[in-house]
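Using the hints, position chain C against chain E.
Same order as they appear, the protein sequences are chains E and C.
Mapping of the first sequence onto our numbering: position 197 corresponds to residue 197, and the numbering continues sequentially without gaps.
Mapping of the second sequence onto our numbering: position 221 corresponds to residue 686, and the numbering continues sequentially without gaps.
Note that these hints are calculated values from the structure, not bench results.
Derived CB-CB ranges, DEER-like:
hint	chain 1	residue 1	chain 2	residue 2	range
1	C	Y554	E	V450	28 to 38 angstroms
2	C	A577	E	L383	33 to 43 angstroms
3	E	E382	C	G495	37 to 47 angstroms
4	C	G694	E	L383	48 to 58 angstroms
5	E	K87	C	S559	43 to 53 angstroms
Okay, derived cross-link-like pairs now, SDA-like style, lysine to any residue, Cα gap no bigger than 20 angstroms in a straight line:
hint	chain 1	residue 1	chain 2	residue 2
6	C	K575	E	E425
7	C	K618	E	Q413
8	E	K409	C	G520
9	C	K576	E	E424
10	E	K442	C	N606
11	C	K542	C	K630
12	C	K618	E	E412
13	E	K87	E	D98
14	C	K545	E	A426
15	E	K370	E	Y337
16	C	K491	C	G526
17	C	K618	E	G411
18	E	K409	C	E611
19	C	K542	E	S430
20	E	K307	E	D398
21	C	K692	C	G487
22	E	K409	C	S559
23	E	K442	C	A564
24	C	K630	C	R588
25	C	K576	E	E425
26	C	K545	E	E425
The beta-carbon is built from N, C-alpha and C at its ideal position, and this holds for glycine as well.
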Amino acid sequence: MKAQPIVKSNYKFGFHNPEKAVFKTPKGLSPQIVQAISHFKNEPEWMLKLRLQALMIFQNKSMPNWGADLSGINFDNLYYYISPSEKKFRNWEDVPADIKDTYDKIGIPQAERKFLAGVGAQYDSEVIYHRLKDKWEKLGVIFTDTDTALQKYPDLVREYFGTIIPAADNKFAALNSAVWSGGSFVYIPKGVHVSIPLQAYFRINAANMGQFERTLIIAEEGSYVSYIEGCTAPIYSTDSLHSAVVEIIVKKGARVRYTTIQNWSNNVYNLVTKRMLIEEEAFGEWIDGNLGSKVTMKYPSLYLTGKGARGEVLSLAFAGRGQHQDAGGKAMHFAPYTTSTITSKSVSVNGGRSSYRGMVKIINGAKGSKSFVRCDALLLDELSRSDTYPVNIVNEQDVTLGHEASVSKIGEQQLFYLMSRGIEEAQATSLIVNGFIEPIVKELPLEYAVELNRLINLSMEGSVG
Amino acid sequence: MKSLNITNLHASTTDGKEILRGVSLKVTLGEIHAIMGPNGGGKSTLAQALCGHPGYIITQGKIEVNGTDITNLSPDKRAKHGLFLGFQYPVEVSGVNFASFLRLAINENKKAGEKKISPIALRNQITDEAKQLAFSQDIINRSLNEGFSGGEKKKAEILQLALLKPEFAVLDEPDSGLDVDALKYISKTILSLNYPLGLILITHYQRILHYIKPDYVHIMIKGKIIKSGNAALAREIEEKGYEQLL
Numbered sequence: 001m002k003a004q005p006i007v008k009s010n011y012k013f014g015f016h017n018p019e020k021a022v023f024k025t026p027k028g029l030s031p032q033i034v035q036a037i038s039h040f041k042n043e044p045e046w047m048l049k050l051r052l053q054a055l056m057i058f059q060n061k062s063m064p065n066w067g068a069d070l071s072g073i074n075f076d077n078l079y080y081y082i083s084p085s086e087k088k089f090r091n092w093e094d095v096p097a098d099i100k101d102t103y104d105k106i107g108i109p110q111a112e113r114k115f116l117a118g119v120g121a122q123y124d125s126e127v128i129y130h131r132l133k134d135k136w137e138k139l140g141v142i143f144t145d146t147d148t149a150l151q152k153y154p155d156l157v158r159e160y161f162g163t164i165i166p167a168a169d170n171k172f173a174a175l176n177s178a179v180w181s182g183g184s185f186v187y188i189p190k191g192v193h194v195s196i197p198l199q200a201y202f203r204i205n206a207a208n209m210g211q212f213e214r215t216l217i218i219a220e221e222g223s224y225v226s227y228i229e230g231c232t233a234p235i236y237s238t239d240s241l242h243s244a245v246v247e248i249i250v251k252k253g254a255r256v257r258y259t260t261i262q263n264w265s266n267n268v269y270n271l272v273t274k275r276m277l278i279e280e281e282a283f284g285e286w287i288d289g290n291l292g293s294k295v296t297m298k299y300p301s302l303y304l305t306g307k308g309a310r311g312e313v314l315s316l317a318f319a320g321r322g323q324h325q326d327a328g329g330k331a332m333h334f335a336p337y338t339t340s341t342i343t344s345k346s347v348s349v350n351g352g353r354s355s356y357r358g359m360v361k362i363i364n365g366a367k368g369s370k371s372f373v374r375c376d377a378l379l380l381d382e383l384s385r386s387d388t389y390p391v392n393i394v395n396e397q398d399v400t401l402g403h404e405a406s407v408s409k410i411g412e413q414q415l416f417y418l419m420s421r422g423i424e425e426a427q428a429t430s431l432i433v434n435g436f437i438e439p440i441v442k443e444l445p446l447e448y449a450v451e452l453n454r455l456i457n458l459s460m461e462g463s464v465g
Numbered sequence: 466m467k468s469l470n471i472t473n474l475h476a477s478t479t480d481g482k483e484i485l486r487g488v489s490l491k492v493t494l495g496e497i498h499a500i501m502g503p504n505g506g507g508k509s510t511l512a513q514a515l516c517g518h519p520g521y522i523i524t525q526g527k528i529e530v531n532g533t534d535i536t537n538l539s540p541d542k543r544a545k546h547g548l549f550l551g552f553q554y555p556v557e558v559s560g561v562n563f564a565s566f567l568r569l570a571i572n573e574n575k576k577a578g579e580k581k582i583s584p585i586a587l588r589n590q591i592t593d594e595a596k597q598l599a600f601s602q603d604i605i606n607r608s609l610n611e612g613f614s615g616g617e618k619k620k621a622e623i624l625q626l627a628l629l630k631p632e633f634a635v636l637d638e639p640d641s642g643l644d645v646d647a648l649k650y651i652s653k654t655i656l657s658l659n660y661p662l663g664l665i666l667i668t669h670y671q672r673i674l675h676y677i678k679p680d681y682v683h684i685m686i687k688g689k690i691i692k693s694g695n696a697a698l699a700r701e702i703e704e705k706g707y708e709q710l711l
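One chain only, chain E, in its complex shape (with noise of 0.2 angstroms):
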């Protein structure tokens, strides 16, 4: 098999439109940027204190020395605040023209009519766009972006804003909680089932652009949302910082499902911090799938707090030339009874390189709990490269814990049986990768499968000889 150069020539969100940002604090950090975003902002004073206090937990923390290559980010050469648009859009006709145009491109207009009960757009540091369908906002569905909901419904972010994800819990969560700007804020009601899903569409435009969205999703009782999420980014020559934070709330007997697909230029460190926290006979999963980027860290966690709780991680990485994907998911079982499963798949080619790491951990008295893990991984050629990180805990006898993996490489023994039948050998590794993937795909919403397979497809395309 030969190694071409290839995929991201593919990349077709590689376009940008020219900047023009109404705010823009300079490059750099300092207590003076965070208090000119806060300030820019219309900030409670609570929320610059957590801020500045999280800046002096970034500064303090060295960068984590384990998992992917970071040398390559210079905190000192970004710009963590751009403000595209002085308002924000109900109306997509009134989204300013050229950010229109960037999301025409990708879609956006096209998706909101089909399928999704809302929309949010963040483009660099501001959300521009927020519409929930009506049916839903009176049933007292909160879906904007999170900046909006500080000041609209401030005691409830306050609520739960860094609970569960401190600013001290990694360096860049802490620097998420210093910097953060846009996002989406979720709260479904007691009861409510959001039948169709919520999605939102991250966008990078500027150069050498920090992009710090700060999600969080409180589901009340016995409530149901499904929320997806998009990223792409324009291609520079420069790096470019995606460092987010989700949190999320499911409480008693609700279901929150968190889709990823993250589909970032290769010049974008995507830095993400994800956690549900998972009550009593609540199911919270997520579908996280990296497919762009150059370096990823991201795991997303469920913290299994109530009895009977159930989480589930689906994560699928594919990892081209020039990448690292390190992915894969955490399991705290804090109760007993809980279950999780943690499935991650990997594709490697052209050199790209994918980790899996994980862990699970259940503490002393969660009896009765359970925990599977598989992860699967397929090297495409000789140049790429697959390694496993998988830690477990248990410090309770009455478990269930499984974990299974298997690297691959593209079987010479597949390729041939499927030849052997007259196809063609880019088209047998692409139903072999696609075959491969199969179990996490056909988990996603149609139209995302369905461009999944497509950039998976234009990824390997001459990748076989």
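For chain C alone, coordinates are given in the frame of chain E:
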């Protein structure tokens, strides 16, 4: 007359071990050739090398289908020239739907301008063939060979043969591991093909030859065909074993 022509074929493993040491065989359309022989004699290697398995290098000789030299073609091109391999150990490909795979394969093998098969037409054909082969479970919605029992895998190979309709097929031990009933079903399916197939049937057992009567029987030992004859030769082997031939 259309034929598969193997001339003085030598093949080695990629690490240089010679397995085939000059095999010559001509199969004309409609003929059935059985190849028998002790383990390690090169029967499976012959099957795989004929269809272009990358684990074997052809060092000498040639393979022609209807006069076209296919010795150096990739497996998919050989298939397009009308060659089919029924695997001794069919490979599982998870997540690839059996019916979609088969439809792709059938359409790939169509000549330019030929009408492609529709999903519905194919479903019906698969269902009919599966009935003839007494498949106990719905095959259409399953992944390719994944979780199939040994017998189902063997039957699925024959089902593919019946739908792909190659001119020449090499079946590598289609009978091994099958119970009497399954053996009957696959034999019946092969015999009921509505066109003349040139067949190379690799087997250890006389049993399948009761159903599929060979025109020729060849004995392959140490990478060569050392003796050829008719059905009587197979019966003789069954009684006396291979050692008398060594």
